[in-house]
Amino acid sequence: MTTSALPAFVSGRRVPNLWDAAAILCVLAGLVLVAHAASGTLAPLPAANTIHLGLSYLPYYALRTTLRMFVALIFSIIFTLIVAPLAAKSRRLGVILIPALDILQSVPILGFLSFTVLFFLNLFPGRVLGAELAAVFAIFTSQAWNMTFSFYQSLTTVPRDLDEASRSFGLSIWQRFWRLEVPFAMPGLVFNTMLSMSGGWFFVVASEAVTVGNTTFLLPGIGSYVSVALSHSDLPAVLYAIIAMLVVILIYDQLLFRPLVAWSAKFRFEMTSGGEAPDPWVLSVLRRTRLLQLLGELIGDIANRIGGLRMKLPMPVVTAKSQKPSRVVDGVWFTLVGIVVAFAFWHVAEFVAESVTLGSLAHVVLLGFYTLLRVAAAMIIVTAVWVPIGVWIGLRPRWARLIQPVTQFLAAFPANLLFPIVVIVLVRFALNPNIWLMPLMIVGTQWYVLFNVVAGASAFPGDLKEASANLGIKGLLWWRRVIIPGIFPYYVTGALTASGAAWNSSIVAEVASWGHTTLTASGLGSYIAQATNEGNSAHIVLGVFVMTAFVLTINRILWRPLHAFAVRRLTF
Amino acid sequence: MDHTLPTATPMLVSIANCRQSYPKEAASDVIILDDVNLELREGEIVGLLGRSGSGKSTLLRIVAGLLKPTAGDVRWRDKPITGPVRGVSMVFQSFALFPWLTVEENVALGLEAQGVAKTEREARAEDAIDLIGLGGYENAYPKEMSGGMRQRVGLARALVVHPDLLLMDEPFSALDVLTAETLRTDLIDLWSEGKLPVKSILMVTHNIEEAVLMCDRILVFSSNPGRVASELKVPFPHPRERLDPEFRQLVDDIYALMTRRPVEHRTPQQVTGPAAPPPPPTFQALPVVSTNLMAGLMETIEGEPYNGRADLPALASAFQMEADELLPIGEALQMLGFAEFEEGDIKLTDAGRRFVEADTDDRKAEFGAALRAHVPMISQIRQVLDERWNHRAPALRFRDELEDYMSPDYADDTMRTIVAWGRYAELFSYDREADQFALEEDEDEDG
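In the order they appear, the protein sequences are chains S and H. Following the numbering used here, the numbering of the first sequence begins with 1 at its first residue and continues without gaps. Following the numbering used here, the numbering of the second sequence begins with 1 at its first residue and continues without gaps.
Chain S extracted, bound-state conformation (with noise of 0.2 Å):
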């Protein structure tokens, strides 16, 4: 791929505004509530499956990972179909779900598990099932955000004519829905999907085996077979899992990725034509064989009528903006909306005046200081290394073309697999953590680096540099006032998405072991980490607040305005 669209959280210029201060009080309230709820369960319980390390479960379990994605994938889109016209449509709703979908993406995931599983637990009397939904909700949540964004975007930037145009011919609103809207956001929305995928299989393998305390719930999958290798010091089936991850990988990208992304340009909005890539093998062995394609056009058929139903709801004649809102009814939503945040800050203040003193929370907001050293530290060593190599690459049209699928391979292969190699590392030469775990968060978020300079220098406009060769620019200056600012926007969403990435795989990422040995590195990670190991509630709260926090501000005070800037005075 050479264009490069964005994820979605990023692409969105949003102000904070009050309504976001409400939506922070409202999800931790909500997080503060599941802790409550499931630290009354924090009793042991005995472990549901033995994990076997025989070469001949791999397959089965790879099946179980790769199954436990894809249901976790159609419950973000049923999610997205659903949240995304709600906010789109309705402001009432639109004005408190959009913040809370911006804060919900900066929650780190992994801290939650243990939270989410005692949950679950709870919730199914089965203890599999329990598990299961569990690892599904884990992954859920590191793709539904991003989605549901990405298609409330596109159903705010309909098109004026089309929107006209469907409602001139008297479409139902259901019609317009399958005829107008999803298509128009598809490109979009399969872009973001993909991404989300890629970043699914780091939170698939992590789910896998969760520890609560003293008992560890292991579900069948290549996560928990990794688990269970290192903690019998196995290297051989450590390897073995990497090898069966790289295959499903490869498989998912060569059957479903590229295809999927090929069929979305038809969506695409723009009436140009050409310029594009050859369709993906599996895409045109679908469209030129006859017995699929007579397959295709059946579910086809099938969509188009459900689309075609009328639905009994005819559009409103008038345009919403020209009615004027009720207020009676805009009051009686406001009122209840203050209720509930209200009942959220009085939840949150009674926490934080139980479990928290004011010498935890300096604790771990430095302990946070340090994970943000870290992070930021990785992020110069990615960017001293990626960019130079990624314009090298992205200049050279040849080269370009055959990294970029690997870099987009790369990213989605989940980097926590490759951990144990690192650890094995570190324990036989004696590095010190505190330094050397650093590179883990972001060994496998560097690739979103890579990728978007590969593609901002493959973009670089050819009268650039045309121009700059006539005038004899080099070197120094070269890079200062030539390609550095060309690749600029394409760096920061990379960069933007590596570090946010970074933060969340901190969890992992600051605390790993090998056999009975366990490198620590002192941190806000690690400290969420042990947290959940020991199983203290009201510290991996606090440790999961602080995070949030840092990630949000970051991203509000470094990414955006860089993304805004770039946008801004570095577009072409």
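Rather than coming from a laboratory, the hints here were simulated on the basis of the structure. Incorrect hints may appear among the rest.
Stated by the list, open to error - Listed below are the simulated DSSO-like cross-link pairs for lysine-lysine, each with C-alpha atoms no more than 27 Å apart in a straight line:
hint	chain 1	residue 1	chain 2	residue 2
1	S	Lys465	H	Lys199
2	S	Lys474	H	Lys143
3	H	Lys199	H	Lys68
Unchecked claim - Here are a few chain S residues that face chain H, going by a calculated C-beta distance under 10 Å:
hint	residue
4	Lys266
5	Ala459
6	Pro461
7	Glu466
8	Ala469
9	Lys474
10	Leu570
11	Phe572
Only a predicted model underlies this, so the values are computations on that prediction, with no experimental measurement involved. We treat Cβ as the ideally placed atom computed from N, Cα and C, and that holds for glycine.
Once you've looked at the hints, dock chain H against the given chain S.
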């Protein structure tokens, strides 16, 4: 000021036997420029005039040292050109301004690259900005400016280094008519007054009037492969008057030159009919011309006041089209046997007249017959479709065949035209998703 050329003036550029070809895996290279010779001396404005695809922009880039020719001797002040040449500045069709730099920074960039000290840089940038009429815009970003102002920045940036040669690649073609004219006259005024800090100008254009208005010498290029078809001197002093009869006559002559049939082509295609065993077809690049434009042009030529024969410059100005836009339509008509060029005029043939008089269905039949007679690739596609049991064929194989005769870009354009024309004539349908040609299912006509 008089810019007639005594031969004693120093030579700037000399190009001998220059050839540029697109490397192709197959045996035959796709030739963009073939056997081009050019000499450029101080004190002249030379225009490279030709249609898109005649390689004139490529030649400009070879002179700038941005491209290395496949073969040939290219010299700057008698030294071989090996890389970007100092002393040669370029103005781009797309302006090529750095959007993150202000006007002043853009202009000063070339000086910065030469290591000129900051104060001198600023002074010289200021001079160039003032010269080109941009005073007051120093701190603006290109995005804030109109196209005409942007191209002024492009000019100032090229002039600030005081180049010996100014290269301009269709510098006014991205601008609206009025802005372009203002910029042309401003530039010519500065040149005539000797205020431009350059010794010569080499410009690429597809606009015949622009070439006649600005240049002292015009090289007319033929397309595919690009060759210098003819060279003309423009003897008029500046400022030139477009309505001057001599000016008009020269424009007319150039139209005639550009529409003259190359003799070696065509002959095999004139012989049509099923009897003659077809020689291995040589595929030509087809221009992207819509059937609507062709029908519209034929109707206009047939109607008042032209009555079947129209003067090309008159047609161009009536349609507000440039030669580069009008000629491909006319050439497409000529290729299909609907019209012919004659001495700067275009006249309808009998087939063309029949087309104009027909109703929609008959027009399609007429057009289809012309396509199958005159476009070898289309008749080949139709033949393959007729022969296949499922009446389907992937488009890829035809595109590959085209690429043996032309560059991939041209093959793409040609393919697009084939699809559009074939669809209009209802010779075959095309499924873009599957990249397949197919026969219309309710086709009643046999193969």
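Now for the hints, and whether the structure bears them out:
no., hint, verdict
1, Lys465/S with Lys199/H, "25 Å, holds"
2, Lys474/S with Lys143/H, "25 Å, holds"
3, Lys199/H with Lys68/H, "24 Å, holds"
4, Lys266, "7 Å, holds"
5, Ala459, "13 Å, violated"
6, Pro461, "7 Å, holds"
7, Glu466, "5 Å, holds"
8, Ala469, "5 Å, holds"
9, Lys474, "7 Å, holds"
10, Leu570, "5 Å, holds"
11, Phe572, "6 Å, holds"
In summary, the one numbered hint that this structure violates is 5.
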